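Undergrad: Just add 334 to wherever you are in the sequence shown, counting from 1, and you've got this note's numbering.
FYI, nobody ran anything at the bench for these hints, they're computed from the structure.
Fair warning: this is a prediction, and the values are worked out from it, not measured in the lab.
Don't take each hint at face value.
Said to hold, decoys possible - Derived EDC-like pairs (lysine to aspartate or glutamate); straight-line CA-CA distance at most 16 Å:
| id | residue 1 | residue 2 |
| --- | --- | --- |
| 1 | K489 | E475 |
| 2 | K455 | D354 |
| 3 | K569 | E698 |
| 4 | K573 | E475 |
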Amino acid sequence: MNLNLIKIFNRWFIKIQPVDVLLPISIVLHTFQDKPLKTTSLGLLVIWMTWRLLVPLLQGVINGDRNFEEKFQTPLILLLGLLLINTRMITLRTDLQGAVQFLLIALGVLVGSLLSQRQWKHTLTWLGIASLPLSFLFLHEAIASGFPLVLSSVKPIFNTRLDGYGSLNRFATLLVMVTMASWYSFILNRGLLIKGITLAGAISGYLLCVGSGSRMATWAVPISALMAWLVMRLKGRSKKFWALAISLIALLAIALILWWYLGPNVRDNVYSDSHRLAAAVCWLSGMLSGNNRFIYGVGWSNEKLNEFCYHIPNHDHTLGHLGHGHNTLAQMGGHHGLLGIIALMMLVILIMRGLLRQQSSIREVLPLGFRGTTWPEMALGINFALAFNALSTTIHHRSQVNQILIGLLAATALCVIKPASDESSQERF
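Work the whole structure out from these sequences, hints included.
TA: This is how it looks when you write it as structure tokens:
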């Protein structure tokens with residue numbers, strides 16, 4: 335009887351996944367500058383990850399699945415133990431520059447790799463919903479503080495009232511991930527209520543992206559979705575369609591370049607990009623500064639790298655305080671040398687192999703509309719967005735929330751594509 339109750343309880347959690355409500359709650363709480371709220375936010379994320387790792391471990395024991403035990407039991411136990419040991423450092427943010435940041439990314443990847451397609455749909459929905467309370471939060475602050483109700487108020491509100499993520503770039507990275515989750519949740523779900531909520535989430539999330547003033551966030555969302563759509567629709571199409579698609583991409587690239595260097599923000603664009611590029615090159619050149627730094631970098635601290643790159647101004651025009659390499663590859667090379675770059679490439683190769691495996695599962699010519707959107711397109715679009723972020727900034731820098739979500743969403747590429755009949759017959763945590 336007790337075993338039957340456990341199975342009923344387990345099926346209910348598979349269907350509803352109420353534990354995932356902790357994701358939007360954590361994201362919203364972390365937006366406030368108040369330290370206790372940020373500690374609570376990270377505590378909720380630890381609870382979410384612990385649950386997500388503990389349930390499949392118990393599920394494997396209950397079902398007596400020897401295949402699961404052989405593949406997942408050992409890494410689950412080890413990583414769950416590491417999570418519990420490091421809970422204090424995670425919640426109190428005492429190891430922002432240390433190894434915990436990579437542990438959180440790895441935990442996100444592991445959790446995401448354990449989810450089935452149906453479970454992923456629920457998780458994406460809960461994650462995408464976060465853009466709605468974030469929008470209401472900014473709206474409330476605008477009304478309470480007397481800011482005009484326009485998109486340009488998002489940036490000053492963030493800087494003065496809601497700077498919980500510590501940097502506009504970090505918050506913009508979060509907005510991109512939440513908006514992409516909302517968009518694909520809207521497309522892949524069938525229920526009218528869920529589609530309405532997630533569409534509202536996608537629209538409000540993208541408006542926040544535009545209002546933040548982040549060029550990366552403004553362009554990464556539509557370009558990633560469009561590129562994923564084109565890649566999936568080119569398969570099996572005529573030469574005429576290929577020519578039309580290539581022309582569209584060329585026109586989009588030309589329009590982007592013209593806006594970048596002839597638009598109203600040309601001075602900021604050129605100034606910012608030149609310093610970002612200089613910072614990335616200088617950060618990477620730290621590998622060549624001797625003392626075996628080519629192999630293992632300068633270490634966790636930014637002090638030595640800021641000495642090398644003292645001449646490059648930060649976003650506030652001060653010298654000697656770059657903070658990060660403005661590029662994930664440069665950041666890994668500067669801090670961890672060749673070994674860090676190899677580690678990053680290992681993760682990239684893992685994700686790319688997963689994406690290619692998913693692509694090979696789609697053999698038919700897909701229709702051009704939204705109904706032709708498949709799981710591989712969603713995974714490809716989200717990982718395109720993560721790649722654009724990684725090229726333009728250091729996406730894992732000093733934000734535990736972002737670190738977990740980066741690993742989680744990257745793992746959409748690791749989800750095994752199963753026929754609909756298999757999905758409906760059995761679910762696996």
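Undergrad: Any hints from earlier that this structure breaks? Give me their numbers in increasing order, please.
TA: As far as the earlier hints go, only 4 is violated by this structure.
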